[in-house]
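Chains S and U supply the protein sequences, listed in that same order. Under this note's numbering, think of the first position of the first sequence as 1, with each following residue one higher. Under this note's numbering, think of the first position of the second sequence as 1001, with each following residue one higher.
These are calculated hints, taken from the structure and not from any lab test. Incorrect hints may have been included.
[As the list claims (entries may be wrong)] In silico DSSO-like links for lysine-lysine, alpha-carbon gap of 30 Å or less:
1. K132/S to K1030/U
2. K317/S to K1046/U
3. K308/S to K1003/U
4. K162/S to K348/S
5. K228/S to K1003/U
6. K108/S to K455/S
7. K1044/U to K1054/U
8. K348/S to K51/S
9. K228/S to K1005/U
10. K401/S to K2/S
11. K255/S to K1005/U
12. K348/S to K1091/U
13. K1121/U to K255/S
14. K308/S to K198/S
15. K49/S to K100/S
16. K310/S to K1003/U
17. K228/S to K1121/U
18. K308/S to K1030/U
19. K132/S to K1003/U
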Amino acid sequence: MKKVVIGSGSAFWGDIFDPALEMAKSGEVQYMGFDHLAELTMALLNRMKEKNPEAGYIPDIIPWMKRLLPVTTKNNIKMISDAGGANPVQAALEVAKVIKELNLAPMKIGVVGGDDILPYLDEIRAQGWKFKNLDTGEEDIDSIRDRIAAANAYTGADLIVKELANGADLVITGRVSDNALYVGPLMHEFGWKFDDPKYVDLIAAAVTVGHIIECSACVSGGMSNMWKISERPWDIGFPIAEFYENGEAVITKPKGSGGIVNQWTVKEHLLYEIVDPANYMMPDGIGDFTALQLVEEERNRVRVINMKGKKRPDTLKVCIGFKDGFIGEGQVYFPGPDALAKAQWAAKWVKERFKKSGINFRELRIDFMGVNMLHGEAAAIEDRDYNEVGLRIAGRTNTYKEAEAVRREATHLWTMGPVGSSFGTPMNVRPVVALWPSLVPRDAVRIESQLMEVK
Amino acid sequence: MKKVKLGELAFARSGDKGDVSNIGLMAKTKNIYDYLQKVITPEKVKEYFGSEVKGAVEIYPVPHLDSLEIILRQSLGGGATCTLRFDQTGKSRGPVLLGMEVQVTEEMLEEAHAADEAIRKKYAVS
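Could you build all of it, start to finish, from the sequences and the hints given here?
Pasting the structure below:
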């Protein structure tokens, strides 16, 4: 039975590099997906591109490609990477230089983009479409229109499939869905078509498998309830899916690598960052996680069977990022005796100072670190003899100046707090780019691609 | 019946989607799943987390995985980049939920402990 083996090489901008290289060296995979983009990374990349038209991609792609390409070329592995970010063409041009430097030419790079809808956002609205906020229900973007920093559609695998069919050895994309990095190669290899009903469950299975592995270590022992029994977690292996033409898949990791893959790690990830498990909506299909079953085969091998779903939706998710104030934050730590009482005293001190300075807060939050910072109201503040307690003060304001005053007032506790007040380097004020999650008609998004030949 | 923390009976992991925080609650056995479906209600979860959960709580069953998907709407202070929470993406919500107290029979608690032991035996490196 035909199988296609695909692995995950990165889950975010800053992920560790060694597991990707080790996976490539193992030669166990035919394709590797690399995700570097979070929901609002595009706003940051847009800003980089505004300052320098030759920037706007994830800069890590250059050192990563320098080390990966010699290995992937030798082992016949094709990489699909969204490191193109806001400027996939420039990213491809830079990677082309690397290819030449390493004497790996000729190679073909598929370049996929067109996810940036900001340039024609108002044209779409003029045709009657409203960008309703999926979190708050607000009907349209009028209240934030002049503060929008990015608007990118989560596009699908269409053009990844096209460029692989055109002979691309490597694909660099903009904001495709993380999932499409995996669905693309599977659709290309198995020849499935979106509009043919007989492929609906297979594409949904690919969407499901993409979800399982797209977050790298998160299904192979990272962030896991299995943390105590994960083998040599410092040598963690990133996940690999063996996808079979009957629509079943085995989730595993490179032989000899550390970490753990079992039914629990796969469950953890199936249920991770989703809403309705019967309708996991992706641009390429809708996965139904309520039908599938997991079978533990041997150690670190879990078979996923009975994957089903529905055909792809007519709308794409769009992440609109808009500027929305500033956050100033500070932390001070207090040793016992009376650690909690000292922190409470200091909390009162800063609140009184804020009253005096008249900061106009949108929101102010006080946490007692080690007591209720993570638990919030789920934890009672017990009056017991803590060894140490931290005070965290965070405030959101409309102006930079006020957020800076929050940060600064926290630093004043260094010398005016109770005895033993301890501190480290203060944090910088950060501008807020808020997320306005919405939908856009698929047909309205002008996706585009090209094949760049490196000779 | 005995009062125990939910963590005796289930595993949990959580994350974010905009201002939604989601918790995958994985029962350690099928029996426990059937039981948790009855006792873990949206009202209880909302009360447990308190005023940080401004929107609705929804619970979706995932029967073949013996799991519940728990959705907390408008609960991350506007989303990861806006929130004043230290835990911007709600990663702690799952483990925090495991601190909730539930009533359980002695038999079910033994079943949960046996499941823990079976996992440990099967996967632990000797």
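We went through each hint and held it up to the structure:
1. K132/S to K1030/U: Violated - the C-alpha atoms of K1030/U and K132/S are around 40 Å apart, more than 30 Å.
2. K317/S to K1046/U: holds (28 Å)
3. K308/S to K1003/U: Status violated; Cα separation ~39 Å.
4. K162/S to K348/S: violated (62 Å)
5. K228/S to K1003/U: Roughly 25 Å between the alpha carbons, so the hint for K228/S and K1003/U holds.
6. K108/S to K455/S: Between K108/S and K455/S the Cα gap is close to 9 Å, so the pair holds against 30 Å.
7. K1044/U to K1054/U: Holds: K1044/U and K1054/U sit about 14 Å apart, inside 30 Å.
8. K348/S to K51/S: violated (43 Å)
9. K228/S to K1005/U: holds (19 Å)
10. K401/S to K2/S: The hint is violated at about 61 Å.
11. K255/S to K1005/U: violated (37 Å)
12. K348/S to K1091/U: holds (29 Å)
13. K1121/U to K255/S: holds (21 Å)
14. K308/S to K198/S: holds (12 Å)
15. K49/S to K100/S: Answer holds: K49/S to K100/S is near 25 Å, not above 30 Å.
16. K310/S to K1003/U: The given pair, whose Cα atoms are some 42 Å apart, is violated under the 30 Å limit.
17. K228/S to K1121/U: Roughly 12 Å between the alpha carbons, so the hint for K228/S and K1121/U holds.
18. K308/S to K1030/U: holds (22 Å)
19. K132/S to K1003/U: violated (45 Å)
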